[in-house]
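Peer 1: So you can see what is in the structure, the chains are spelled out below.
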Amino acid sequence: MQNTDSLHENTNPDSVQQLRGEIVRLNRNQARLVQIMDSLPGLVGYVDLQLIIVYANKLIESWYQRPRSDLIGMQLRTLFTDEHYGIVEELLKRVLNGEEINEERKIQYPDGHARIVHLNYIPDQIDDTIQGYFFLVRDVTKRRKAENALQVANLELDRRVIKATTELEFRNQQLQKENQARQKSEERYRIVSELMSDLIYVYQVDPDNRMQTIWYTGRLSKEFTPQIQDRHYRLWRPIIHPDDNGLLDERLERLLSNKTSIDEFRVIDSQGSTRWIRVFGRPIYCSKEQRVVQIMVAAQDITETKNAEAAVDQQRSRLTAALESMSDGFLLFDQSGSLVEFNDKILQLFPKVADKMTKGTKFEALVEASVKAGEIKAAKSNPQAWVTDRLTDYPSESGAREVELTDGRWVLATDRPTRDGGVVSIRTDITSRKRAEEQRRHQEAELAQVLRRASMGEMASALAHELSQPLAVIVNYSNGLLRRLERETLNRNDIQKALDSIRNAGQRAKDIVKHVGDFVRRGQPVVKNESLESMVNEVSDLLHGALIRNHIRYKVLLPTEKPCVLVNRIEITQVLFNLLRNAIDAVVQSATLDATIILQAYSEQGIGVTVSVSDNGPGVADNLTNCLFEPYITSKDSGLGMGLSISRTIVEGHGGRLWLDQNSVKGSCFKFFLPVLNNE
Amino acid sequence: MNNQHFVHIVDDDSDVRDSVQFLVESIDLRGFSYPSADNFFESYENHGPGCVILDLRMPGISGMEALKEMHTHGIYEPVIIMTGHGDVPVAVRSLKLGAFDFLEKPCNDHLLIEKTHKAIQLDMRNRQNRLQKVETEDALRSLSSREQDVLILLVKGNSNKEVARLLSISPKTIERHRANVMRKLGVGSFAELVQMVERSRAI
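From first to last, the protein sequence lines are chains L and F. So for the first sequence, this note's numbering puts the first residue at 1; every next one is plus one. So for the second sequence, this note's numbering puts the first residue at 1001; every next one is plus one.
FYI, nobody ran anything at the bench for these hints, they're computed from the structure. These numbers come from a predicted model, not from an experiment. We put the beta carbon where it would ideally sit given N, CA and C, even for glycine. Among the hints, a few may not be true.
[Said to hold, decoys possible] Partial pick of chain F residues on the chain L-facing surface, computed with a CB cut under 10 Å:
1. S1019
2. V1020
3. F1022
4. M1058
5. M1082
6. E1104
7. P1106
8. C1107
9. H1110
10. L1112
Put together the whole structure using the sequences plus the hints.
Peer 2: This is the structure:
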């Protein structure tokens, strides 16, 4: 068998090994990519033309509350609720018409969350034919709520998707180049293939280029082989895929002009399925006759390989497209800690170390490079300590770190271990969120400051009023004594009387100051379980002087079970003080006869406490009832008009409410409710 | 000024009331104190020239109302208002209602004494004027009706002759009436006469 021998001469076992290794590597890459996908904070996947989910990452399980095995292969129409389907129906039509979808919708998911989601559908289009679409669904609810920064983020995303698309194109070109390179090594590959071929046959070529099979051996596979008979000519013709007819013509031409031809084409087997065939043709040239006299052909059924390759390629490009569409940067490290995958976004996030982001680099080296480049603000003072600290929680199953960069940007870093011992790192630019948070915190602090100052002002005013009486007494007696001394009209009785009175007034002033001190000084703004009774007593003591002096009847009616409330004591006593002070002012200013103020509390087990402060004064004027709680509204001759405004803010800050009871027949009645209650 | 002058102190806070009394008595004024406006109106007696020191914030009749009712109770002494700290708008309102002045508590004793003195001086002038008015009115009432007619026409600026013609009596008789009026009212010149009539109208 001279011909067969010549085939074996060119075989190369190393190449077989190489090919197998290539396939194993492809499979491993795919597994990694799947892991990245599953670690991503968004829903990523692929849906085909029949609206069936072909692929989705792990997050889908938690959003839809079903195992992924159920969800893959499911029709969207079945999976989505009517409402959900109604929201996206139009988008689905558009994406399957080849339009890229980039929209935000509010959708209720089966896990009970109504999310504002960013829907990013990218049509999968090959030669004007839509195959399906990629989807990227990100929960942007929190971001939406946070601030207008979302707009910026959206713009950024748009930019990213466009960039990702161009990136994809670039990758496709690269892939094509690789294919070309592969074709160049075709010769070597051919020999390998010849060795692996199952069907080998030889044509004899007549001078008029007619051909007939003169020898053949083997079959293609268990399932399929062409019907070959002796002297059969052109055995592929009857079963060739119609589109590949031309290929056979060209091939024949090449072979007859003494050129080796390696071709892949499709045939239809007896079951009607398409199969891929790779054939190697080698002409035998007879120099005497000056023509090709024989053609040796080795054929191989490469359907399985072809399918697997296509699947891996497709999967890979889909995953890459999805990853590149993310607005987050990511890095993947393998078991040995070396960088194996990263996207373009990460380079934009850390421009100063972009050149260090190469496959094989260790995470530690990247951190050190970043610190050295001065990118990390917190690392400025002690770089080494920062690096050490940074590595303590790397990787971390649940931890996330917010890192401030020296150029003012903030990045959220998560480094999660993967099942095979690698690490997936995701970096999100949270600058705008951070800014908004900072601004809000600043505003809150400012507001708190204003409120505190205003309420201190009210307190100071009340204090000054209370103190003016005993101080007047002291000053008057002292001056009276001094003038008697000057005029030498001082007698023992005068001295006795004056000093007694001065001492009493001093004592009175001291009591007032002590109460106010207790009132203001105590504690930090902490929430504790406080007895309602003790707070009421404290405020009653403080206003005792004013009540007595103005001859006001004051009644306190508290529940017998002595309720406790979880409150900030200073704030709630402030509210009680404000309400009582208002009631006192109301009856005093109007010189109400038989002035009476009643402080009453009701508690409802497990619900809360309602406190009411009512007086029998003139009540609240009709024109004030609507704006009563706004700042700077007052019916008093003097006063800031901040009391009720502050009080309402405080009560609402405790999750309660403060209101004017419109049902009170005479005078005014203010009530406030505090939720959550335990008993002493 | 001495203890013939009287300070009426109205304040519901007995300590403050007593202390103000102690202070004014140190400069030889007589102090009377009252726990409420009602009590003041009931027990007020006109001992002589003086003033009232009135606290604004009081139960019952408030200081502001009491201020309005002073004259109906026959009390003409100037009123000094005592207010708490920062009640400036209230103080301004009290001035509009005729208070003499106001003081913030606790007050400077020089200020209290100065204002008290001024108030008492004003009261003395007021009393003097009221007295003169009464005297003038008595004197005017002692004139005969013919003499009163002559006086009114003369003060309006008519000459003796004009008055004579208006009343259809002789200028000589007018001359005599005029001399009688001046004698009865105790004035030395016609100018003095005109002043006196004007003043009695003004009061």
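Peer 1: Looking back at the numbered hints, which does the structure fail to meet, lowest number first?
Peer 2: none
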